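J.: The lines below spell out each chain.
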Amino acid sequence: MPRITATDGVEISYTTATGADPILLVHGFASTAELNWVTSGWVRTVADAGRGAILVDLRGHGASDAPSHSDAYSPEQLAADLIAVLDNEKLARVDVIGYSMGAQTVRVLAATYPQRVHKIVLGGIGSNEQFATWGIASLMAALDGDDAAVSGLAADLVQVVKSGAAMSVPTAKAIIQGMTTRPITAMPQVPTLVVAGEKDEVAAHAPQLAAALGAQLEIIPRRNHRNAVTARAFKQAVMEFLHSDR
Amino acid sequence: MAAITFNLPDLGEGLLDATVLEWYVAPGDFVERGTPMVEVETTKSAVELPSPQSGTVAQLHVDEDDNIEVGQPLITFTVPDDQAGIVGTVPEAAPAKKRITLRPPEDD
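So the protein sequences, as listed, match chains F and C.
If you use this note's numbering, the first sequence corresponds to residues 1 to 246, in order.
If you use this note's numbering, the second sequence corresponds to residues 1001 to 1108, in order.
If you are wondering where the hints come from, they were derived from the structure by calculation, not from laboratory data.
Keep in mind the model is a prediction, meaning the values are calculated, not measured.
Here a beta-carbon is modelled for each residue, glycine too, at the ideal position from N, C-alpha and C.
Please note: incorrect hints may appear among the correct ones.
Now the in silico label distances, taken between C-beta atoms and shown as ranges [stated by the list, open to error]:
| no. | chain 1 | residue 1 | chain 2 | residue 2 | range |
| --- | --- | --- | --- | --- | --- |
| 1 | F | Ala155 | C | Asp1082 | 51 to 57 Å |
| 2 | C | Glu1064 | F | Asp71 | 20 to 26 Å |
| 3 | F | Arg232 | C | Pro1080 | 25 to 31 Å |
| 4 | C | Glu1069 | F | Thr181 | 41 to 47 Å |
| 5 | F | Ser168 | C | Asn1067 | 30 to 36 Å |
| 6 | F | Asp156 | C | Glu1069 | 17 to 23 Å |
| 7 | F | Glu198 | C | Asn1067 | 17 to 23 Å |
| 8 | C | Phe1030 | F | Asp71 | 54 to 60 Å |
| 9 | C | Arg1033 | F | Ala49 | 44 to 50 Å |
| 10 | C | Leu1015 | F | Ser68 | 42 to 48 Å |
| 11 | C | Asp1017 | F | Glu11 | 49 to 55 Å |
| 12 | F | Ala141 | C | Asp1065 | 30 to 36 Å |
| 13 | F | Ala155 | C | Arg1033 | 38 to 44 Å |
| 14 | F | Gln189 | C | Gln1072 | 46 to 52 Å |
Covered stretches of chain F (chain C as the covering partner; in silico rule of three or more C-beta atoms under 8 Å from a C-beta of chain C) [unchecked claim]:
| no. | segment |
| --- | --- |
| 15 | 186-196 |
| 16 | 229-239 |
Construct the complete structure from the given sequences, taking the supplied hints into account.
T.: What follows is the structure, encoded as structure tokens:
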């Protein structure tokens, strides 16, 4: 598993899957490259299309370093980490797929470094930033043990963190605060596909995001934030989008 | 012909059950080993399970949207008798990109 050192000294781990024209895959909060893209079947889907993959563990996640101060987790810093990985792989320009917090990161990546991306897919997000929508104070209280502070998917995510399966509580707090220090207003100008499960509360405003970005929109019937990831309709829509006009 | 049944594997993280989201195969289909077979969801994540076996699907033991516990029957294949000896043996190590390997029930 290659490790690179980011601009602020934090070490980032990633793996690669061989194939032509690798696609950069960026996972969501409290997930990992493995959970979001490997066991979900995405690497298999990408390989079936002859494409390779770059699978990054975002800082704070998986095998990457997990600083515990919120300054380390701005979307701009996470995007810079992805550029450092592309540099290390000597990839000038790639297609990128992001899910949830990974999609917010890709949104910033594509707006900040348009010369490094071809097409982007933003999965499981809307025009809002969901940590802020849930409420930072509520999330912090829930992470401190107030189980009534949040409900639904937010409570599930807090439970994943508190189970120790994803990251420490201080790391989770730092990520949530770092990602929400400023509103995410980046407007990528590259070809963009927005994908969301029909029942995804995080991506309820996906149509508004797609409209704001002039992006294509794909809604996956019957799926929610967690189980849209594996959906064949998601994979097919993405591969068609990436391979159109090539 | 012989029947081989595969149970829901341990999906890790101490998860004891899963919900079937969508079957990609149906009784009567011939399925190649390694082909995506079913999507299941746990409280942690959704997972796509590749077929552990080349063969003809004889029976799906769980309906979509229904729950299944780890170790309960998931799918039964019909295979020619000359391949039936595979029962009781662990499938070959999966390629690195496939981290979930289904095993015949005798192994658990």
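J.: Run every hint past the structure and note whether it holds.
T.: We went through each hint and held it up to the structure:
1. F:Ala155 <-> C:Asp1082: 51 to 57 Å: With a Cβ separation near 53 Å, Ala155 (chain F) and Asp1082 (chain C) satisfy 51 to 57 Å, so the hint holds.
2. C:Glu1064 <-> F:Asp71: 20 to 26 Å: violated (46 Å)
3. F:Arg232 <-> C:Pro1080: 25 to 31 Å: holds (30 Å)
4. C:Glu1069 <-> F:Thr181: 41 to 47 Å: holds (43 Å)
5. F:Ser168 <-> C:Asn1067: 30 to 36 Å: About 31 Å separates the Cβ atoms of Ser168 (chain F) and Asn1067 (chain C), which means 30 to 36 Å holds.
6. F:Asp156 <-> C:Glu1069: 17 to 23 Å: Given about 20 Å between the Cβ atoms, the range holds.
7. F:Glu198 <-> C:Asn1067: 17 to 23 Å: holds (22 Å)
8. C:Phe1030 <-> F:Asp71: 54 to 60 Å: With a Cβ separation near 56 Å, Phe1030 (chain C) and Asp71 (chain F) satisfy 54 to 60 Å, so the hint holds.
9. C:Arg1033 <-> F:Ala49: 44 to 50 Å: Violated: the Cβ-Cβ distance is about 20 Å, outside 44 to 50 Å.
10. C:Leu1015 <-> F:Ser68: 42 to 48 Å: Violated: the Cβ-Cβ distance is about 28 Å, outside 42 to 48 Å.
11. C:Asp1017 <-> F:Glu11: 49 to 55 Å: violated (36 Å)
12. F:Ala141 <-> C:Asp1065: 30 to 36 Å: Given about 34 Å between the Cβ atoms, the range holds.
13. F:Ala155 <-> C:Arg1033: 38 to 44 Å: Distance hint for Ala155 (chain F), Arg1033 (chain C) holds at roughly 39 Å.
14. F:Gln189 <-> C:Gln1072: 46 to 52 Å: holds (50 Å)
15. 186-196: Our answer is that it is violated, as 0 residues pass the Cβ test (under 8 Å) against chain C, missing three.
16. 229-239: With 4 residues closer than 8 Å to chain C, the segment 229-239 of chain F meets the three-residue bar; holds.
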